[in-house]
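Peer 1: Chain by chain, the residues:
2 protein chains.
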Amino acid sequence: MLAEIITIGDEILIGQVIDTNSAWMGQRLNEIGISVKQISSISDKKDAILTALTEACSHADIILITGGLGPTKDDITKHTLCEFFGAKMVLNEDALNNIKDIFERFNRPLIDVNIQQAEVPDNCIVIQNHNGTAPGMWFEFKDKIIVSMPGVPFEMIGMMEDYVLPELQKRFNIDSIFHKTIITAGIGESFLAKEIEDIEDSLPSHIKLAYLPKLGQVRLRLSAIGTNKEHVEKEVDQASELIINRIDKYVIATEDISIQEAILNYLKANNLTLTTAESCTGGYIAHLITSIPGSSNAYVGGAVTYSNELKQKMIGVKAETLALHGAVSEQTVIEMAQGALNTYHTDYAIACTGVAGPDGGTPDKPVGTVWIAVVSKNQTVAKKFQFGNKRLQNIERTAINSFYMLWRLLKNI
Amino acid sequence: MLAEIITIGDEILIGQVIDTNSAWMGQRLNEIGISVKQISSISDKKDAILTALTEACSHADIILITGGLGPTKDDITKHTLCEFFGAKMVLNEDALNNIKDIFERFNRPLIDVNIQQAEVPDNCIVIQNHNGTAPGMWFEFKDKIIVSMPGVPFEMIGMMEDYVLPELQKRFNIDSIFHKTIITAGIGESFLAKEIEDIEDSLPSHIKLAYLPKLGQVRLRLSAIGTNKEHVEKEVDQASELIINRIDKYVIATEDISIQEAILNYLKANNLTLTTAESCTGGYIAHLITSIPGSSNAYVGGAVTYSNELKQKMIGVKAETLALHGAVSEQTVIEMAQGALNTYHTDYAIACTGVAGPDGGTPDKPVGTVWIAVVSKNQTVAKKFQFGNKRLQNIERTAINSFYMLWRLLKNI
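Quick note, the sequences are listed as chains Z and A, same order.
Sequential numbering of the first sequence, starting at 1, is according to the UniProt record's numbering.
Sequential numbering of the second sequence, starting at 1, is according to the UniProt record's numbering.
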């Protein structure tokens, strides 16, 4: 069973908004055994919508559309769909009641454009929107299922979870798709490929191996499709075991989790705690850690010491260290890490200080110069990095490298 | 001049990776007057690539492809392009030298699959890759320009900036596209639309107004296309001035910046400083602030106080406050904000504490309960929010609402 996702909105095409809806939808469709054949982002113009719909009907069985259902003049999805199906617009009472409820709850008067949101083509099943005013629409047309939902992520998610996914599951008897991911670090993509070449070559044709490199790590993804779910899972598990045994020391995790999640799992399992002292990453390391549910079991919090004053005040970096070696130095980063560890009473600490850019570089310490330290009570490792001149990339690379350094310290590798 | 972006890779379709390349490319193409007609994400299968190429040739003049150029077996873009053009593969000496240089620099032996990366179809102009091993390829085919680049973001960005964008600019005499964005908060999309309905109706047909709602704010984007750049800019400026005058008090910024950037601009202009004390957002507020270049001029740093111990130790929340009212309470959030302000000597402070979820909720304080406080020396505003049960969404909403609260405090509205 193949699906196509169409996201409508100029804001995506001009890069003002990054389309995160499609990734979410792709994940969830995969989980119930529906493969996404294509994701198309198009303009909110009638001809673009009609062309995309026609092309999607030639690629896929299920077409999920998001966007263009708002109350304003640039929202034309509903009327274009109505024209595509040769249907006519009718007022849907349930949708209208939902809109009235929302406006009453916020104590706001209903205006005409809000009432018009309750109008839908007469050939659709209405999907109620429990998180907003625009109703979703489910169409069946020439053996295809076409669903139109709002582009606001949590409205779309609500409709997918409450109605679309369960309904698709009910309708189809679908082949099983099974993925297994192995996360590696410390080895390049081509070396990894050479290392496991014979295993890859011996895989049956319905098992696919993909390499997904990303900032110092390579994710290996095994995928298989088959009618017998258990059989497919077993085959993929066997293949992944062969690979894991071969490249053991590079494996961070055998499920699709981030390195920070692997670290937290290790800390929790061993009843250990962690703190952070961040300068150039400005809270990003803490954010990556605390994005993970249950992180408070191992992570106590930390300091964002942007100014020199806070480096001294919060975590006891010495004024003379800053004066003698500067804020971006081995001495400072070690004092930050050890200071955080001692002040906040944890087993491990990460610290970093650097020139994130675009300004603040000197000939001596150009933009992209970063010091990272990871420490425990008895161990201190500090390392200098020279990244590029892009601020956000420098922040991201500092964070990911600090996690690798901590991982190696935890694992003694 | 119309472009289509094709991103190749199953990892996008199954939602393992979010496609951020396309947004970046869309922005940069727009800046030089090229409109993106469609973004298509497709599988790394031959038939999918061939179908997408054929369809793209019917939509657009310029086709930019990313992904599938790595050294491993799942990377088939290059050979599929070769087949599409009826070309044959040849070894490119410059690309090979680049690969050799990189392997020498990292002191690694060259293996066969790495050398094969230097092979390209014989009808292309090679785009050198200064950030990796896979060369880019520029094809001219039946009045279309087709460019293939790696999917690794900074490799693609390097090629776009060094070669593709300048080359496209040189080739075409393109109409000017001009965008202007107005960021509003505190008014819903439909009310905003009604408020400026007469202005919108009076716009000439080549000026388009789009509403982009997002978590409590609405971005208004005016776009116009024309042959005379100055004339188009002037028209858009006039229209935006009419709108800004009408909805003055809801306007946060008249350029496409975030509310945190608007706050930093205000603080810097008035020589004021800011700190943060975060519990449930775990560093995300600090990260959003410090992502902005130059933020250190107003932001000194802050505390991530995940544990109760750190709430007391770092910013002086009283033990009895925590015992009596709990960590998620008006009293605690106010002590956090005032404590941070006094400890770190700033003019303003933001604090938040809440139950981000998915665990940790109680009947009294369910998941999604959040307290936010914003304070100055003489002012304290605290507010309770009841968000949903999704951790990342709760973190994001807390951050954005804390910025709105600070904005209103700064502006006395």
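Read the hints as simulated data drawn from the structure, not as lab findings.
Heads up, the beta-carbon is just placed ideally off N, CA and C, and yes, glycines get one too.
It cannot be assumed that every hint is accurate.
Not everything, but these chain A residues come out facing chain Z in the computed CB check (under 7 Å) [said to hold, decoys possible]:
hint, residue
1, 212
2, 216
3, 283
4, 286
5, 297
Going by beta-carbon spacing under 10 Å, a handful of chain A positions derived as facing chain Z [claimed, not checked]:
hint, residue
6, 106
7, 107
8, 111
9, 269
10, 299
11, 310
Peer 1: Now look at each hint and say whether the structure bears it out.
Peer 2: Evaluated hints:
Look at residue 212 of chain A: its Cβ gets to within about 5 Å of chain Z, closer than 7 Å, so that hint holds up. Hint status for residue 216 of chain A relative to chain Z: violated, with the closest Cβ pair at about 12 Å, above 7 Å. Here the hint on residue 283 of chain A is kept, as its CB sits about 3 Å from the closest CB of chain Z, short of 7 Å. With 7 Å as the threshold, the beta carbon of residue 286 of chain A comes within range of chain Z, its nearest partner Cβ sitting at about 3 Å, so the hint holds.
The closest approach between the C-beta of residue 297 of chain A and any C-beta of chain Z is roughly 10 Å, which is over the 7 Å cut-off, so the hint fails. Because the closest C-beta pair between residue 106 of chain A and chain Z is about 8 Å apart, less than 10 Å, the hint holds. The closest approach between the C-beta of residue 107 of chain A and any C-beta of chain Z is roughly 12 Å, which is over the 10 Å cut-off, so the hint fails. Below 10 Å, beta-carbon pairs count as interface contacts, and residue 111 of chain A has one with chain Z at about 6 Å; its hint therefore holds.
Interface hint at residue 269 of chain A: violated, since its Cβ lies 18 Å from the closest Cβ of chain Z, which is beyond the 10 Å cut-off. Contact between residue 299 of chain A and chain Z, as hinted, is supported at the beta carbon level, the nearest pair being about 6 Å apart and thus within 10 Å. Restraint check, residue 310 of chain A versus chain Z: the minimum CB separation of about 4 Å is within 10 Å; hint holds.
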